[in-house]
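As a plain string of letters, each chain reads:
Protein chains: 2
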Amino acid sequence: MTTVFPLFNRVALIGIGLIGSSLALAMKKHGLAGHIAVSTRRQETLDTAQGLNLGDSYSLVAADAVEDADLVVICTPMGAYETVAKSIAAALKPGAVVSDVGSVKTSAIRDLAPHLPAGVHLVPGHPVAGTEHSGPEAGYAELFPGHWTILTPSENTDEQAVAKVKALWEGCGSIVEVMSPGHHDRVLGITSHLPHLIAYTIVDTADQLEDDTKQEVIKFSASGFRDFTRIAASDPVMWRDVFLNNRDAVLEILGRFTEDLTAMQRAIRKGDAAMLIETFERTRAIRRSIIDAKQHIPDVKPDGED
Amino acid sequence: MTTVFPLFNRVALIGIGLIGSSLALAMKKHGLAGHIAVSTRRQETLDTAQGLNLGDSYSLVAADAVEDADLVVICTPMGAYETVAKSIAAALKPGAVVSDVGSVKTSAIRDLAPHLPAGVHLVPGHPVAGTEHSGPEAGYAELFPGHWTILTPSENTDEQAVAKVKALWEGCGSIVEVMSPGHHDRVLGITSHLPHLIAYTIVDTADQLEDDTKQEVIKFSASGFRDFTRIAASDPVMWRDVFLNNRDAVLEILGRFTEDLTAMQRAIRKGDAAMLIETFERTRAIRRSIIDAKQHIPDVKPDGED
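Top to bottom, those sequences are chains A and B.
Position in the first sequence counted from 1, then plus 177, gives you our numbering.
Position in the second sequence counted from 1, then plus 177, gives you our numbering.
So that you can see chain A by itself, here it is in the shape it has in the complex (with noise of 0.2 Å):
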């Protein structure tokens, strides 16, 4: 496909959180969009949006935003979907193509789509970056090159707005994958969503011990600990709408997890060596895989920060 640039004469983007304010400095810096319409509902946060040039134009009011929007990207917490949709709707011109950057598919779908009206098509995204950073002064034009942004269109979408969706996340250096919803959301709740609830748990363990165990916790926290607490630093308005939002894929890993866990914790009591160095030896082996995947992927970076 010969791609026209700008792709998108107008885009509006509602919310300009960290990834918002990201894709803003990624459409700017490879001129992916005429016109870059922000808005989000504090007028603290929009001064600061405005502050840094994120956008074109600025308002509060997001279907003042949205109109004549060509792409319309929701960048908000989930937990606002369902009112941003409703809000937005009456505004959205025929053609207009909706999209987000949530981390759960198939809620984004349930609170989007009922909203919006016929000829506008709906291209959920997820583009699977991020930092321990929040807000519109975290983001930056880099995040996106050597990521994967997951689009969950349902099956009779328009082929065109699909297209223009991966295009303009290929022009952000982001690689794009299209699978269903409930499948996106399985493999991120485990590869992301349990990992997360993990970290989080095991950071409040510790902080919930004596506070002389808990001063050496802090002060010995390399070894293992301090990357718990980096992903624990995950913002926590994201993240509590990603385990209300993805609860059943969650709750089945998690059942799993927890199994496994208490196999090991018995291991452990009996003294079963043969277990363990069995289960140790295995998972080193998944490592060397992940490593020889990295290595065949294009441009997707071989390590390093989320």
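Calculated from the structure, these hints are not laboratory results.
One or more hints might be untrue.
Which copy? The list can't say, so a pair holds if one copy fits it or any two copies do.
The calculated BS3-like cross-link candidates involving lysine-lysine, where the alpha carbons are at most 30 Å apart (straight line), are [to be verified]:
1. LYS396 <-> LYS206
2. LYS391 <-> LYS270
3. LYS396 <-> LYS263
4. LYS391 <-> LYS206
5. LYS391 <-> LYS263
6. LYS205 <-> LYS263
7. LYS447 <-> LYS270
Quick caveat: nothing in here was measured; it's all calculated off a predicted structure.
Following the hints, position chain B against chain A.
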């Protein structure tokens, strides 16, 4: 204390894996040892160590290496400690210092102390540093700067012996702290052993998924899961011995963790948004306090690899 170099005329390293080889290279780099005698069980490993010029003499017989040694550092898997202690006891000269680098201290003392002759000074140690790689080829002199080394001598241990081992690790760039072995094992149980156990388990859980999901997990293993795979690639033998030997502290903290994880599961099942966000906000604060703590400790790396 005025430091006289070399600190030790003759140092024997029993075992020559990642830590042993890194210690050898650091001692050479900083002139801390007059003569480094390397001993290990397997000819192949010994040849590799010699090829890397890690020592000044090489022997398959530990008792030969420790003859006339001022310092013996046991760098074998902890499961071998008792065998090593029995094999070297008769060859140790009076006043020799015996130390180690193992991750569990109460068991190190349990396995070493009964076999060492009177007049020999046991100063158990644990450099809290490492990578996912193993073996003599993995070592490097700069492993220890910015990292803690914890020493756990008993209260009546010769003070000069403790001071010299402290000076050794400081000479390697490490920051040394002295504490009781039980306290060490509890703190490392939380900061290191439990995180590793959890990482091993989550990778194992993912490994047991159906093949199509598993391929996607490998593919999309950024976003949290990949951090766990790095931890779970740690040396299987070493970690088997950690869990066998720090059993009680690990089971205790694992019990607390499981209770907390069950509380999270319950909150997710019930959609308890308030509980989730309150937990996540609290854990984010802990991350900040760890970053702050790092900044006030001179020479400790603010962040980076363990």
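Within, between, both or neither, where LYS447 and LYS270 count as close if Cα-Cα is 30 Å or less: Neither. Shortest intra-copy (66 Å) and inter-copy (39 Å) distances fail the 30 Å Cα cut-off.
Status of LYS263 relative to LYS396 across identical chains (alpha carbons, at most 30 Å): Result: close neither inside a copy nor across copies, 49 Å intra and 36 Å inter.
When Cα atoms must be at most 30 Å apart, do LYS391 and LYS263 count as within-copy, between-copy, both, or neither? The answer is neither: 47 Å in one copy and 38 Å across copies each exceed 30 Å.
Checking an output row: LYS391 and LYS270, CA cutoff 30 Å. Within, between, both or neither? Classified as neither: same-chain Cα gap 56 Å, cross-chain 41 Å, threshold 30 Å.
Within, between, both or neither: how does the pair LYS391, LYS206 come out at a Cα-Cα threshold of 30 Å? The answer is neither: 45 Å in one copy and 36 Å across copies each exceed 30 Å.
Should LYS396 paired with LYS206 be assigned to within, between, both, or neither, using CA atoms and 30 Å as the limit? between (41 Å within a copy, 28 Å between copies)
Up to 30 Å between alpha-carbons, please classify LYS205 paired with LYS263: within, between, both or neither. Within one copy only: 28 Å inside a chain, 70 Å across chains, cut-off 30 Å.
The structure does not agree with the numbered hints 2, 3, 4, 5, 7 stated previously, though it agrees with the rest.
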